[in-house]
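Each chain, written out:
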Amino acid sequence: MRHQARFPRTALTVLAFSAVALNMQADQGIPEITSFEPTPLEKKIFDGPGVTVTSGEEIYSTLCAGCHMPKGEGAVGGGMYPALAGNDKLEYPDYAVFIVLNGYKAMPSFAHTLSDEQVAAVVNYLQSGLGKNSYEPTATVEQVELSRPQ
Amino acid sequence: MEGATRRSALALIGATAGSAALYAAMKSIRHVQPSSYKGPIRLDGDPKGAKVLILGAGLAGMVAALELRSAGYDVEVLEYREKAGGRCWTLRGGDTYTELGGASQKVSFKGDNYINPGPWRIPYDHHGVLDYCQRLGVQLEPFIQQNHNAYIHNSKAFGGKPQRFKHIATDYRGQTSELLAKAVDQNRLDDMLTSEDREALIESLRATGALDDTNSYKAGDLTSRYRGFGKPPGAGFNGAPSASDPISLSEILQSGMWGRLADADLLDHQMPMFQPVGGMDMIAQAFAREVGDLIRFNSKVVSLQQDDDGVKVAYEDTRTGDTLTAQADWCVCTVPFSILGQMDHNLSPELTAAVNNVFYRGSAKWGLEFKRRFWEQDEHIYGGISYTDLPIEMISYPSTGLFTKGPAVLLGGYTWDDAQAYEFNAMQPEDRIKWALEFGSKLHPQYLEEFKTGVSVVWHKVPWVLGCFGIWRDKEAHYANAVKIDNRVVCAGEHVSYLGAWLEGAIESSLDAIGRLHDKVING
Chain A
1 MRHQARFPRT ALTVLAFSAV ALNMQADQGI PEITSFEPTP LEKKIFDGPG
51 VTVTSGEEIY STLCAGCHMP KGEGAVGGGM YPALAGNDKL EYPDYAVFIV
101 LNGYKAMPSF AHTLSDEQVA AVVNYLQSGL GKNSYEPTAT VEQVELSRPQ
Chain B
1 MEGATRRSAL ALIGATAGSA ALYAAMKSIR HVQPSSYKGP IRLDGDPKGA
51 KVLILGAGLA GMVAALELRS AGYDVEVLEY REKAGGRCWT LRGGDTYTEL
101 GGASQKVSFK GDNYINPGPW RIPYDHHGVL DYCQRLGVQL EPFIQQNHNA
151 YIHNSKAFGG KPQRFKHIAT DYRGQTSELL AKAVDQNRLD DMLTSEDREA
201 LIESLRATGA LDDTNSYKAG DLTSRYRGFG KPPGAGFNGA PSASDPISLS
251 EILQSGMWGR LADADLLDHQ MPMFQPVGGM DMIAQAFARE VGDLIRFNSK
301 VVSLQQDDDG VKVAYEDTRT GDTLTAQADW CVCTVPFSIL GQMDHNLSPE
351 LTAAVNNVFY RGSAKWGLEF KRRFWEQDEH IYGGISYTDL PIEMISYPST
401 GLFTKGPAVL LGGYTWDDAQ AYEFNAMQPE DRIKWALEFG SKLHPQYLEE
451 FKTGVSVVWH KVPWVLGCFG IWRDKEAHYA NAVKIDNRVV CAGEHVSYLG
501 AWLEGAIESS LDAIGRLHDK VING
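Line order of the protein sequences matches chains A and B. Each step along the first sequence adds one to the number in my numbering, with nothing skipped, and position 125 is 125. Each step along the second sequence adds one to the number in my numbering, with nothing skipped, and position 466 is 466.
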């Protein structure tokens, strides 16, 4: 499907960071930023095409957390994003693997955004690691491979 | 290419040029349907006081409210937000925007400076939007899409130095014309061309590609008149110009910079484009002046039930927490499917399946205010768009207020790529601003010195839509069921159109829906 094509960030092999003081005032509504020193994770995010991070926690915090929130608490507005922390649908990996690969209702599919290894890693993190979730992390790369939409 | 389908053409591009080209080509083939707007809608016949409940006060909802009331209906509109317009939205100094997760951004742009987080440009053939603007007195001005003096930037080509659009465009066209002209001249294409056409083709390539009479594209007065001079023509003793040196075809091909050359040739990006003077929400404000008295704001619909007698809706007043109900004979539901899919409803299984078939695309946009228009003053870029391979994807310079002094706001990025959109979506506002400055400074080193303030909107975190626009997983299977009147409810909005993500899609979808609804009310 064409909308799922990735833009290759071919150029982003090495980024030179400008540790220059930014003229950003707290009273202008945004916390003061005196210099730009990306964290190690921040440096990794844009270091190559597509999703470059590999661990479940990194994938969660740089992709999933945007909607499901940093601690998996979900969010409510005109609509809602379900909480993943304390979510008993995560007891077994199948449901989460299916949703990540196929999407569900308004949630897009990540089949073209994440590799089998990345899907397994993030589902394992959802099962055990996110919030106080402490199910046995049982997602496997083989399972993801077999579950991919044809 | 005989018999080649669009898909096989895309496969060919992908195979030979890599996925960057494929993505650019796919983008180019995205929404290309022209508007089918036929002029103001006529709803003849007496609806005998029938009541219509409209869910959502974006453009689709307000078009329905305006036209149905004037046709004699009793109209009530419920809107989740505190104001009208939906994604037809503008942020200005003094506004505060709170995204899901709770982060608030107070916009501190100077004076009339603004950014449109959603729709920001109107194609000349989106006749519905343009007609309503004229009817409602919304003043329009040109939106500069194409600027030959803006940049194309690839951080891995030309030592990361941005190139002027006119250089890449002229040299690419000139040298591909040269190749073709020489191939024809050397009789390589004789089996595809008559001798008359061979001559005419060579002549046309010389004219459009700036080739000399040996079919060569080379440094000189002729090519400089298109790509720019080394020393521009002037007056006086030293007024004589000098030619500029073209960039080699190989360098252009390998840079991938041709990827965005045709962006402004897309039907929906062709000049002239338009924007409302003062911000896109001038359209929303104009509609709200007409139908604002029908809208109940801060009303979150939680349940939509229908039977053969009518429609019953439960909604929560978001200020008091009270749950209230509204009833009507009919309902026009313009709530995005991302929200409708979560609602307690008894829509038909067919419509429910259609609602659940649509997912919502992410996207990030930045408005960055700088102390002065350095892009105009230092680089002679007046409006238009620079493209980059960096995650911000583009920088668009304001089309208005040209040559003025003082702070100005540009669009500091507009992302489409899935990975990037998700990554920016997961960041907090101050981090998004840092990155937009970091990446933007690769095109404009003045960024860090001149920056004042900024705001960004990541669409998956927008509380009232949960995404930028709807995309069908299987439009063929479900679209007709979304369009069809479902007993007493009809859906409308950009998601129920072939003009997805455009204001025109919302307007035409609404007109189409109320036309059919009215016919059902009058004729059964």
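Just so you know, these hints were derived from the structure itself, not from any lab. For glycine and all other residues, C-beta sits at the position ideal for the given N, C-alpha and C. Any given hint might turn out to be false.
Unchecked claim - Below, in silico cross-link-like pairs of lysine-lysine (DSS-like), each with a Cα-Cα straight-line distance of 30 Å or less:
1. K51/B to K520/B
2. K43/A to K156/B
3. K371/B to K43/A
4. K110/B to K452/B
5. K484/B to K105/A
6. K43/A to K452/B
As the list claims (entries may be wrong) - Facing chain B, a subset of chain A residues (Cβ under 8 Å, in silico):
7. I45
8. F46
9. G48
10. S61
11. T62
12. L63
13. G66
14. A75
15. A83
16. G86
17. Y95
18. G103
19. K105
20. M107
21. P108
22. T113
What the hints assert, rightly or not - A few chain A residues that don't get close to chain B, going by computed Cβ distances all over 10 Å:
23. V51
24. Y81
25. N87
26. E117
27. V141
28. E145
Here is what the structure says about each hint:
no.: 1; hint: K51/B to K520/B; verdict: holds (14 Å)
no.: 2; hint: K43/A to K156/B; verdict: holds (18 Å)
no.: 3; hint: K371/B to K43/A; verdict: holds (29 Å)
no.: 4; hint: K110/B to K452/B; verdict: holds (10 Å)
no.: 5; hint: K484/B to K105/A; verdict: holds (20 Å)
no.: 6; hint: K43/A to K452/B; verdict: holds (25 Å)
no.: 7; hint: I45; verdict: holds (5 Å)
no.: 8; hint: F46; verdict: holds (6 Å)
no.: 9; hint: G48; verdict: violated (10 Å)
no.: 10; hint: S61; verdict: holds (7 Å)
no.: 11; hint: T62; verdict: holds (5 Å)
no.: 12; hint: L63; verdict: holds (4 Å)
no.: 13; hint: G66; verdict: holds (3 Å)
no.: 14; hint: A75; verdict: holds (4 Å)
no.: 15; hint: A83; verdict: violated (13 Å)
no.: 16; hint: G86; verdict: violated (18 Å)
no.: 17; hint: Y95; verdict: violated (16 Å)
no.: 18; hint: G103; verdict: holds (5 Å)
no.: 19; hint: K105; verdict: holds (4 Å)
no.: 20; hint: M107; verdict: holds (6 Å)
no.: 21; hint: P108; verdict: holds (5 Å)
no.: 22; hint: T113; verdict: holds (5 Å)
no.: 23; hint: V51; verdict: violated (5 Å)
no.: 24; hint: Y81; verdict: violated (7 Å)
no.: 25; hint: N87; verdict: holds (16 Å)
no.: 26; hint: E117; verdict: holds (16 Å)
no.: 27; hint: V141; verdict: holds (20 Å)
no.: 28; hint: E145; verdict: holds (20 Å)
Taken one by one, the earlier hints fail for this structure at numbers 9, 15, 16, 17, 23, 24, listed in ascending order.
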